[in-house]
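Generate the whole structure from the sequences, applying the supplied hints.
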Amino acid sequence: MTSVKLKLKEKDVQKIKEICKSFNNDPGELINVLHKTQEFFGYLPAEVQEEVALGLNIPVAKVYGVVTFYSFFTMLPKGRYPISICTGTACYVRGAEKVLDEFKRILKVSVGETTPDGKFSLTCLRCVGACGLAPVVMVGDKTYGRVTTDGVKDILKEYENE
Amino acid sequence: MAKFKMHMLVCGGTGCRASASDMLYKNLKKEIQEKGLENEVQVVTTGCFGFCEQGPIVKMIPDNTFYVGVKPEDAAEIVAEHAIKGRKVNRLLYKDPVKKEHVSDSRHMGFYKKQIRIALRNCGLMDPENIGEYLAADGYEALGKVLAEMTPEEAIQVVIDSGLRGRGGGGFPTGLKWKIAHGVKGDPKYVVCNADEGDPGAFMDRSILEGDPHSVLEAMAINGYCIGASKGLIYIRAEYPLAIKRLKIAIEQAREYGLLGNDILGSGFNFDIELRYGAGAFVCGEETALIHSMEGLRGEPTFKPPFPAQSGYMGMPTNVNNVETYANIPVIFNKGAKWFSSIGTEKSKGTKVFALAGKINNVGLIEVPMGITLREVIFEIGGGIKGGKKFKAVQTGGPSGGCLTEKHLDAPIDYDNLLASGSMMGSGGMIVMDEDDCMVSVAKFYLEFTVEESCGKCSPCRIGNKRLHESLDKITKGQATLEDLDKLRNLANVIKDTSLCGLGQTSPNPVLSTLDNFYEEYVAHVIDHTCPSGKCKDLIRYEIIPENCVGCTACARNCPVNCISGERKQVHLIDQSLCIKCGACMEKCKFNAVTII
Chain A
135 MTSVKLKLKE KDVQKIKEIC KSFNNDPGEL INVLHKTQEF FGYLPAEVQE
185 EVALGLNIPV AKVYGVVTFY SFFTMLPKGR YPISICTGTA CYVRGAEKVL
235 DEFKRILKVS VGETTPDGKF SLTCLRCVGA CGLAPVVMVG DKTYGRVTTD
285 GVKDILKEYE NE
Chain B
19 MAKFKMHMLV CGGTGCRASA SDMLYKNLKK EIQEKGLENE VQVVTTGCFG
69 FCEQGPIVKM IPDNTFYVGV KPEDAAEIVA EHAIKGRKVN RLLYKDPVKK
119 EHVSDSRHMG FYKKQIRIAL RNCGLMDPEN IGEYLAADGY EALGKVLAEM
169 TPEEAIQVVI DSGLRGRGGG GFPTGLKWKI AHGVKGDPKY VVCNADEGDP
219 GAFMDRSILE GDPHSVLEAM AINGYCIGAS KGLIYIRAEY PLAIKRLKIA
269 IEQAREYGLL GNDILGSGFN FDIELRYGAG AFVCGEETAL IHSMEGLRGE
319 PTFKPPFPAQ SGYMGMPTNV NNVETYANIP VIFNKGAKWF SSIGTEKSKG
369 TKVFALAGKI NNVGLIEVPM GITLREVIFE IGGGIKGGKK FKAVQTGGPS
419 GGCLTEKHLD APIDYDNLLA SGSMMGSGGM IVMDEDDCMV SVAKFYLEFT
469 VEESCGKCSP CRIGNKRLHE SLDKITKGQA TLEDLDKLRN LANVIKDTSL
519 CGLGQTSPNP VLSTLDNFYE EYVAHVIDHT CPSGKCKDLI RYEIIPENCV
569 GCTACARNCP VNCISGERKQ VHLIDQSLCI KCGACMEKCK FNAVTII
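If you read the sequences in order, they're chains A and B.
Under our numbering, the first residue of the first sequence carries the number 135, and numbering increases by one thereafter.
Under our numbering, the first residue of the second sequence carries the number 19, and numbering increases by one thereafter.
The set of hints was computed from the structure by calculation and includes no laboratory data.
Mixed in with the good hints, there may be bad ones.
With a Cα cut of at most 25 Å, we get these calculated DSS-like pairs of lysine-lysine [as the list claims (entries may be wrong)]: (1) K407/B - K131/B; (2) K103/B - K23/B; (3) K44/B - K23/B; (4) K287/A - K253/A; (5) K232/A - K484/B; (6) K170/A - K249/B; (7) K155/A - K249/B; (8) K232/A - K249/B; (9) K238/A - K48/B; (10) K555/B - K238/A; (11) K555/B - K232/A; (12) K599/B - K287/A; (13) K263/B - K404/B; (14) K276/A - K48/B; (15) K149/A - K212/A; (16) K117/B - K407/B; (17) K553/B - K287/A; (18) K238/A - K553/B; (19) K131/B - K356/B; (20) K555/B - K242/A; (21) K89/B - K291/A; (22) K408/B - K232/A; (23) K170/A - K263/B; (24) K606/B - K232/A; (25) K196/A - K475/B; (26) K89/B - K287/A; (27) K276/A - K44/B; (28) K495/B - K238/A; (29) K141/A - K196/A; (30) K404/B - K555/B; (31) K242/A - K553/B; (32) K356/B - K132/B; (33) K599/B - K232/A; (34) K155/A - K143/A; (35) K170/A - K196/A.
In structure tokens, the structure reads:
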């Protein structure tokens, strides 16, 4: 997996140390620590994982193992407007695949990628539980329901000038 | 406290909030205030009503008026007409799709008629962020009764007598599970609530936690008393922010009221609950994997025995139950094991919550007695198939379940019947499919999910499912032979027999059940190289029927790759070499001139 190289600033290192400490530097809290860390940085690049490993006194390999195991954690930065298409079964049978294809076609990125300008990233997620609105698309925290292929353009237009 | 003449219950579930129900709540509140009615009408945000298809929902108490599809801007009209003049706003009433009449009382809606709500008893009726409302509805009475009047053994016997079985999938008798955990020596012991609802299309646990968090807390405390644990953990998906928020509030309030913490209700029993967050891994629904995840490890399952009751969280005796299972517990103590076991079938007692979704008119959350038939669920409660299409299959049990067909519609739903017909109860997802759905693609879709979610620990699941997916891919591209179908079945059975955990042992179910019930569809893909439902892109092509085409240019204008040519008022033509088979032309054509071949 490729990751973005990044030199951590002293204050970032301090932040990670603080997070680890708030969980008593307990290795059993690794997942909670990673949640908090990702909340702060937006993603979990290798350098951040190294600091977490130091903070909890565990091997980096273990941190990496956990980060790559869970789909919630990402080693790539997300776009300013992360787009998630629900590909749960309910959305699937109501045409989520076509909606996803349309996003891919317009943004010219694949699933898991970010547009070169860093504006949009495209991911799939499994069921937000709003199956009555299928197919569902989320942009950041905003939920769009009953999205059609035509509706994709309109959603993207909302973010045109931002 | 003010005595209200009228209550407006606004659904605050995830589905309705996505359609601006929080804005609607604010507007209603504002209108009520402006009209000076704040001492007469109370506006309450509640949990999910279950009728997600036509959200946001507003229900008026006491007259049970049920408004659907309410927009924030409708607030003024509802207040002016209904609250002040006492006239119902007809245009917002639910309309019966068959009789085409407005139904003003929710009790007369087909959707609710056959339901018995036990686990969902409080969802949609109370403010989940206010413990007072739960207490008013006999909340924490069961806990009080158990602590004051029963020994742990007696309480466990009540759960055994009720016949309650685990609602998370396996259907293991809950009372027996508690008895085993009670019998194991160890200190500390743990009680864990499995709220890692990973089945795509299932959202009952989320709705219970969002709509009635206290019932789960109360049940966990009872569970703790029964097995001798003083610590409870709720393992919840990080994807459920609203449920997390409401759980946190509920735990705080329960502590304030002395219903969690030390010396609960003066009984000397201590019990407290903490939250643990998942991070998006389906396999963590399996109890051993879940426990490892709570320990901060990769969520990989381990071989049983030892069972969690013997060696679970941190190596200590642990009892894991699912959210819906817990939601049933307080009612069992309040109304008695005998009452509970009078509902349902011989071996499956009580009710089950199902998440109805897919090609069905009433998408939503329902709770029905065990033993009801699929036909009643789909056609009476669910209101039948969307757009008047023909029913083809219903998938129960999520990625671990199978596809059931017409011939299964009249069998009573319970754990054993579903297993016997090649599917399973699972957590209760129910996805309805119509004639347009290709069953090979559906099986492939589920395998894609399994391949992605397999933890990789054991080879049958890691490699086997990948191979299954590849074979299915070949079939949908028309590159497979009949021999491949035999291999597919063999491999599926081997994966079932040899995988380590529940995920691998059930992952071939979608393949096996579609092979059994839709073999001819597989054969059509393999021998005739056609997809009877017109879904598999490699086996179909879109063509324009010259007799029907009027040359309106709608298809050409909407083609994303500009592969349709033709002048105005001339017959159009699709360039097959460029066509990406997105189907936009067919959707746009008003003259039925585009067809799938």
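Hints, one by one, checked against the model:
A distance of roughly 24 Å separates the Cα atoms of K407/B and K131/B; the hinted pair therefore holds under the 25 Å criterion. Distance restraint check for K103/B and K23/B: the Cα-Cα separation of roughly 14 Å lies within the 25 Å cut-off, and the hinted pair is therefore satisfied. Taking the CA atoms of K44/B and K23/B, the gap is about 20 Å. The hint holds against a cut of 25 Å. Distance check on the hinted pair: K287/A and K253/A sit about 15 Å apart at the alpha-carbon level, within 25 Å; holds.
Distance restraint check for K232/A and K484/B: the Cα-Cα separation of roughly 24 Å lies within the 25 Å cut-off, and the hinted pair is therefore satisfied. Of the supplied pair hints, the one linking K170/A and K249/B holds, its CA atoms being roughly 24 Å apart against a limit of 25 Å. For the hint pairing K155/A with K249/B, the CA-to-CA distance comes to about 23 Å; that is within 25 Å, so the pair holds. At roughly 47 Å between alpha-carbon atoms, K232/A and K249/B are farther apart than 25 Å, so this suggested pair is violated.
Of the supplied pair hints, the one linking K238/A and K48/B is violated, its CA atoms being roughly 43 Å apart against a limit of 25 Å. The hinted pair formed by K555/B and K238/A meets the criterion: a straight-line CA distance of about 17 Å does not exceed 25 Å. Of the pairs offered as hints, the one joining K555/B and K232/A holds, with about 12 Å between alpha carbons and a cut-off of 25 Å not exceeded. Using a Cα cut-off of 25 Å, the hinted pair K599/B and K287/A holds, with the two alpha carbons roughly 19 Å apart.
The suggested pairing of K263/B with K404/B is violated, with an alpha-carbon distance near 35 Å, which exceeds 25 Å. Our distance criterion of 25 Å between C-alpha atoms is met by K276/A and K48/B, whose separation comes to about 24 Å. Among the hinted pairs, K149/A with K212/A is consistent with the structure: their alpha-carbon atoms are about 20 Å apart, no more than 25 Å. A hinted pair counts as satisfied when its Cα atoms are at most 25 Å apart, and K117/B with K407/B qualifies at roughly 18 Å.
In summary, the hint linking K553/B to K287/A is supported, as the alpha carbons are separated by about 24 Å, within the 25 Å threshold. As the CA atoms of K238/A and K553/B are separated by approximately 20 Å, the hinted pair is consistent with the 25 Å bound. With a CA separation close to 24 Å, the supplied pair K131/B and K356/B stays within the 25 Å bound. Only pairs whose Cα atoms come within 25 Å are accepted, and K555/B paired with K242/A is accepted, the gap being roughly 21 Å.
For the suggested pair K89/B and K291/A, the alpha carbons sit about 23 Å apart, so the restraint of at most 25 Å is met. About 22 Å separates the Cα atoms of K408/B and K232/A, which keeps this hinted pair within 25 Å; it holds. Annotation: proposed proximity of K170/A to K263/B holds, straight-line Cα distance about 16 Å (limit 25 Å). With a CA separation close to 15 Å, the supplied pair K606/B and K232/A stays within the 25 Å bound.
Taken as a hint, the K196/A and K475/B pair is honoured in the structure, with Cα atoms around 16 Å apart against an allowance of 25 Å. The straight-line distance between the Cα atoms of K89/B and K287/A is roughly 24 Å, inside the 25 Å bound, and the hint therefore holds. Straight-line distance between C-alpha atoms of K276/A and K44/B comes to about 18 Å, which keeps the hinted pair within the 25 Å bound. Under the criterion of a C-alpha separation no larger than 25 Å, the hint pairing K495/B with K238/A is consistent with the structure, at around 22 Å.
Our distance criterion of 25 Å between C-alpha atoms is met by K141/A and K196/A, whose separation comes to about 21 Å. For the suggested pair K404/B and K555/B, the alpha carbons sit about 23 Å apart, so the restraint of at most 25 Å is met. For the hint linking K242/A to K553/B, the alpha-carbon distance of about 24 Å falls within 25 Å, and the restraint holds. The straight-line distance between the Cα atoms of K356/B and K132/B is roughly 21 Å, inside the 25 Å bound, and the hint therefore holds.
Note on K599/B and K232/A: the hinted pairing holds, with a Cα-Cα distance of about 10 Å set against a maximum of 25 Å. Distance hint between K155/A and K143/A is fulfilled; the C-alpha atoms sit about 19 Å from each other, no more than 25 Å. For the given pair, K170/A sits about 18 Å from K196/A by alpha-carbon distance, which is consistent with the 25 Å threshold.
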